[in-house]
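With the sequences and hints as input, model every part of the structure.
Listed below, chain by chain, are the residues.
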Amino acid sequence: MTQYKKRKKIQHILHYSLLIILTIFIIIPFLLGLWTSLLPTADISKGALWSSHISLDNYVTAITQTPIIRYLFNSLVISLLTMFAQVIFCSMSAYSFVFLKFKGRDLLFYVFLATMMLPFEAEVIPNFTTVRDLGLLNHYAVMIIPFLTSAFGTFMLRQAFLQIPGELKEAGDIEGLSHWQYYYKVVMPYSKISVYTLAAYSFLSSWNQYLWPMLTTFSDNFRPVQDGLRQLQSQETFNNWGMIQASAAIIIIPTLIALFFGQHYFKSGLNEGAIK
Amino acid sequence: METQAKNPNFNIASKKKKSAELSLGYNPYAKDKLYAVLFLGPSLLILALFVFYPMLRTIYLSFFLTNNLGKPTVFVGLKNYFALFSSNAYINSLIATLVYVIAVSIFTIAIGLVLAQAATKKVAGINFFRTIFSATMGVSVSVAAIFWLFIFNPSVGLLSQLFTALNLTPINWLTEPGWAMTAIVISTVWMNLGFTFLIFFGALQSVPYTLYEAAQIEGVSKSYQFFHITLPMISPTIFFVSIITLIESFKSFGLIDLMTAGGPNNATNLLVYRIYQDAFLNGNYGLASTESVILAVIIALFTFIQFKVLEKRVTY
Amino acid sequence: MSIELTNISKTYNGSDFILSDISVKIETGEFFAIVGPSGCGKSTLLRMIAGLIPISNGQLRIDDEDVTNLPPQERALTMVFQNYALFPFLNVKDNVAFGLKARKMNSSEINTRVNHALELVNLTDFSERKPGELSGGQRQRVALARAIASDAKICLMDEPLSNLDAQLRNKMRSEIRELQQKLGLTLIYVTHDQVEAMTMADRIMVLNDAKAQQIDSASNIYDTPSNTFVASFFGTPQMNLLPITLKENKQPSDVETNLKFSITNSLKAGNYLVGVRPNALAIDEVSSKTNAIVTNIEYLGTHSIVHAQLDNSLELRIEVSSTHNLSTTERVSVSVTGNHYIFSEDGQKLLNTNGGYTDGNASQEPQLQHSI
Chain A
359 MTQYKKRKKI QHILHYSLLI ILTIFIIIPF LLGLWTSLLP TADISKGALW
409 SSHISLDNYV TAITQTPIIR YLFNSLVISL LTMFAQVIFC SMSAYSFVFL
459 KFKGRDLLFY VFLATMMLPF EAEVIPNFTT VRDLGLLNHY AVMIIPFLTS
509 AFGTFMLRQA FLQIPGELKE AGDIEGLSHW QYYYKVVMPY SKISVYTLAA
559 YSFLSSWNQY LWPMLTTFSD NFRPVQDGLR QLQSQETFNN WGMIQASAAI
609 IIIPTLIALF FGQHYFKSGL NEGAIK
Chain B
10 METQAKNPNF NIASKKKKSA ELSLGYNPYA KDKLYAVLFL GPSLLILALF
60 VFYPMLRTIY LSFFLTNNLG KPTVFVGLKN YFALFSSNAY INSLIATLVY
110 VIAVSIFTIA IGLVLAQAAT KKVAGINFFR TIFSATMGVS VSVAAIFWLF
160 IFNPSVGLLS QLFTALNLTP INWLTEPGWA MTAIVISTVW MNLGFTFLIF
210 FGALQSVPYT LYEAAQIEGV SKSYQFFHIT LPMISPTIFF VSIITLIESF
260 KSFGLIDLMT AGGPNNATNL LVYRIYQDAF LNGNYGLAST ESVILAVIIA
310 LFTFIQFKVL EKRVTY
Chain C
506 MSIELTNISK TYNGSDFILS DISVKIETGE FFAIVGPSGC GKSTLLRMIA
556 GLIPISNGQL RIDDEDVTNL PPQERALTMV FQNYALFPFL NVKDNVAFGL
606 KARKMNSSEI NTRVNHALEL VNLTDFSERK PGELSGGQRQ RVALARAIAS
656 DAKICLMDEP LSNLDAQLRN KMRSEIRELQ QKLGLTLIYV THDQVEAMTM
706 ADRIMVLNDA KAQQIDSASN IYDTPSNTFV ASFFGTPQMN LLPITLKENK
756 QPSDVETNLK FSITNSLKAG NYLVGVRPNA LAIDEVSSKT NAIVTNIEYL
806 GTHSIVHAQL DNSLELRIEV SSTHNLSTTE RVSVSVTGNH YIFSEDGQKL
856 LNTNGGYTDG NASQEPQLQH SI
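Read top to bottom, the protein sequences are chains A, B and C.
If you're matching positions, the first sequence starts at 359 in this note's numbering and goes up one per residue.
If you're matching positions, the second sequence starts at 10 in this note's numbering and goes up one per residue.
If you're matching positions, the third sequence starts at 506 in this note's numbering and goes up one per residue.
Think of the hints as simulated: they come from the structure by calculation, not from any bench.
Built from N, CA and C at the ideal position, the CB exists for glycine as well.
Please note: incorrect hints may appear among the correct ones.
With a straight-line cut-off of 20 Å between C-alpha atoms, the simulated EDC-like cross-links for lysine to aspartate or glutamate are [claimed, not checked]:
no., chain 1, residue 1, chain 2, residue 2
1, A, Lys363, C, Asp526
2, C, Lys658, C, Asp728
3, C, Lys606, B, Glu222
4, A, Lys364, C, Asp571
5, B, Lys40, A, Asp491
6, B, Lys80, A, Asp491
7, B, Lys231, C, Glu579
8, A, Lys366, C, Glu614
9, C, Lys658, B, Glu222
10, A, Lys363, C, Glu614
11, A, Lys366, B, Glu222
12, A, Lys543, C, Glu614
13, A, Lys367, C, Glu579
14, C, Lys658, C, Glu579
Pair by pair, the computed Cβ-Cβ distance ranges are [claimed, not checked]:
no., chain 1, residue 1, chain 2, residue 2, range
15, B, Ile135, C, Gly534, 29 to 37 Å
16, A, Ser577, B, Ser95, 40 to 48 Å
17, A, Val469, B, Tyr38, 15 to 23 Å
18, B, Ser95, A, Ile611, 45 to 53 Å
19, C, Ser613, B, Thr129, 35 to 43 Å
20, B, Gln214, C, Ser520, 25 to 33 Å
21, A, Tyr554, B, Gly134, 36 to 44 Å
22, A, Lys363, C, Ser520, 18 to 26 Å
23, A, Ile368, B, Leu177, 31 to 39 Å
24, B, Thr129, A, Ile368, 49 to 57 Å
Here it is in structure tokens:
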């Protein structure tokens with residue numbers, strides 16, 4: 359009896375050790391980044407990871423001497439607009455594939471599916487020419503218009519819409535709801551979780567865009583954070599580790615907070631997308 | 010899922026069309042075409058302009074030499090392709106990409122599984138660990154690059170200091186070819202873990218608990234349970250994550266650009282970075298298009314496999 | 506292999522008990538059912554016996570050996586689950602062999618056992634199929650085969666038939682019962698279905714509110730339910746429970762209500778609940794002294810359930826032969842013809858069982874319908 363309990367206890371200790379080791383691997387880059395953002399660069403350069411001058415000076419420098427806040431604002435505008443656009447356009451096309459009856463629907467759906475196979479990275483050359491010819495370079499629009507919709511988002515919402523019981527559509531028909539009414543009164547609220555998941559997903563992917571904005575934006579007025587950080591790094595500030603880390607922290611804190619609160623939705627949504 | 014898509018009332022409708030009732034002037038699907046144009050039109054337009062057209066254009070360009078504005082000048086047929094496959098630099102880049110992709114996928118999956126498995130056991134404070142494990146999901150590529158650049162920094166970096174403290178010679182992480190690849194792989198894996206953890210964690214939660222109870226009653230050991238119950242039960246998810254990770258790694262660009270810029274000695278010059286260099290730094294759009302086509306083929310292949318397998322495994 | 510539970514309790518926080526003070530001795534070869542509504546803790550109790558969940562308080566003995574703190578595999582038992590717990594990626598044979606393989610038994614022994622088990626459940630022809638290709642009943646039999654193959658003499662079953670349709674359930678009931686007899690298993694069977702418990706088990710434990718309400722054979726539970734919970738849980742249609750007030754001067758004679766009950770034992774004046782099964786009531790259509798109005802009739806073939814409202818507005822269920830000519834809103838006379846039970850006012854205790862009679866007359870004194 360005591361042996362059984364002892365074994366349980368040892369298992370418990372081993373389990374916690376594993377959890378802690380894993381936590382260290384995951385969290386060290388965060389902690390180190392946050393910690394050094396509080397240290398004077400002079401101390402960091404000497405290789406010291408401890409300093410008697412712990413302050414928010416780096417943050418002040420980052421905010422006052424670099425366009426980091428402007429970058430954040432740019433990213434926020436771009437990501438929010440992309441997010442809303444994708445939610446609207448993806449849900450409308452998904453609706454078409456599930457609830458509308460028209461010629462060539464299945465063919466069009468396969469066309470959508472096919473686009474999921476094509477990586478954007480392999481298409482940047484003609485796309486660059488297109489936006490240049492359209493006169494969109496170096497503007498918010500260039501980072502939003504190509505991403506107004508997504509095949510993946512359409513596919514994901516289509517899967518969600520297929521789960522809506524057919525009786526609901528029939529009930530809607532009896533009540534005389536038009537497609538438009540059925541779309542925003544029934545379908546969207548019913549698939550709330552999937553819609554939120556798509557919103558989070560499109561926001562994050564827009565936020566994490568790197569190659570495309572790098573090719574198409576040349577001024578701090580429109581540059582999003584990812585490329586803004588690259589800019590800071592490539593400039594003379596490169597060795598100002600304290601300030602760079604402070605900039606990184608300024609960028610990451612909002613996303614971490616959003617993630618923390620959105621975790622629940624994200625988890626269930628992601629898995630629905632992955633399993634079904 | 011196809012049967013569900015074809016809503017039963019659609020069939021009723023098609024029958025109705027043939028019957029005399031149509032002459033009464035009522036067809037519930039009369040307006041569908043209009044709605045389809047309205048609902049699907051914008052998406053189709055965007056996809057056509059920014060996905061289909063550029064793909065065709067890329068294939069087209071891959072048969073040409075181009076001027077530095079990206080306009081085709083001389084038709085060269087498959088010469089760009091031959092040139093690539095006989096170029097050591099490109100072959101090396103392909104190999105480097107494969108090494109990177111495989112290493113990233115293996116470590117992402119393995120560590121992701123360990124994280125998820127460790128987080129399933131309900132012990133005190135487990136929610137804290139779960140939150141930490143999913144945290145890298147909120148890290149964007151540039152932030153990850155900065156964090157890891159600092160850790161790998163040869164003079165002030167954490168690893169160098171650690172090595173020095175242990176009386177070892179510090180490694181020049183980002184300036185020695187083999188180590189640069191290692192550093193890139195570590196950073197990418199770290200970035201991937203949040204997402205992978207969440208997916209695996211969800212999959213583990215959906216394994217019926219009674220399977221483990223049945224095993225416990227038989228006196229089956231924990232490791233036997235893991236290999237003979239857990240792994241087979243979540244194998245579809247493992248497959249899904251593997252493909253996603255493979256595809257995403259083939260498309261890696263940001264970390265490379267920020268951490269090594271393809272160096273040292275092109276050791277981390279992966280496919281997408283090469284496309285960027287050839288097109289936008291060297292102005293060789295034709296060749297870069299050829300590289301794009303190859304990349305697209307590789308990725309389309311993996312995506313296609315994924316679709317096929319996902320279709321097949323509906324049995325359980 | 507006998508199993509003895511002594512004051513077994515389960516609590517997760519030390520104060521709220523999911524189960525408290527469960528004691529029973531289950532004999533070798535006994536078919537023992539644990540029955541109760543969902544959430545009563547019956548599955549928890551079963552998992553504690555299995556060793557899947559630790560026991561908070563009390564002692565569990567198997568064959569007189571204390572196993573309270575032993576892990577499941579050292580308790581030499583086997584278990585069948587509600588959702589069958591089959592491995593979808595293994596075929597029938599490998600599912601049955603799973604535990605044996607994990608225990609590294611030699612393969613010829615495994616083969617013999619698996620084949621024997623599959624034979625017993627008539628699944629030999631399906632041994633290469635995956636669970637996904639089997640019907641619900643067949644899956645259930647695979648789960649049974651796995652339990653049989655393990656050769657343990659104690660088998661625990663957690664609502665094994667609740668995912669099957671009604672017809673199949675009937676068939677499987679007798680199959681399980683036969684297997685249990687043939688193999689001489691000590692079987693603990695958890696179910697929420699009182700019919701299942703009554704038809705299969707030697708003895709039944711009725712669980713509710715974290716406590717064992719009654720432990721007895723099916724007929725004893727039906728004939729002498731120890732409280733109103735047990736009384737209304739067993740038997741379909743449900744027993745009628747009516748509040749009555751006994752007056753000092755009426756004791757020990759008949760109770761004047763709309764319905765007449767005979768109370769033979771002496772009971773103090775006060776409030777009680779009286780229980781009458783629907784088949785212990787009768788309807789007289791021709792009587793002129795009516796005491797109730799028919800509100801609904803459920804036709805069930807050979808018999809019907811008549812819902813009637815007494816003049817004091819209490820609802821009654823009455824089982825009658827389907828040859829009746831009743832119709833709704835008809836006024837009738839209801840009388841007690843069989844057993845009835847007197848429970849304490851809170852329903853916790855059976856005080857008295859009566860083979861009652863009445864003269865079939867409705868009460869002449871509607872003003873006396875006091876609290877009922």
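Could you tell me which of the numbered hints above are not met by this structure, giving the numbers in increasing order?
1, 2, 5, 8, 10, 12, 15, 21 and 24
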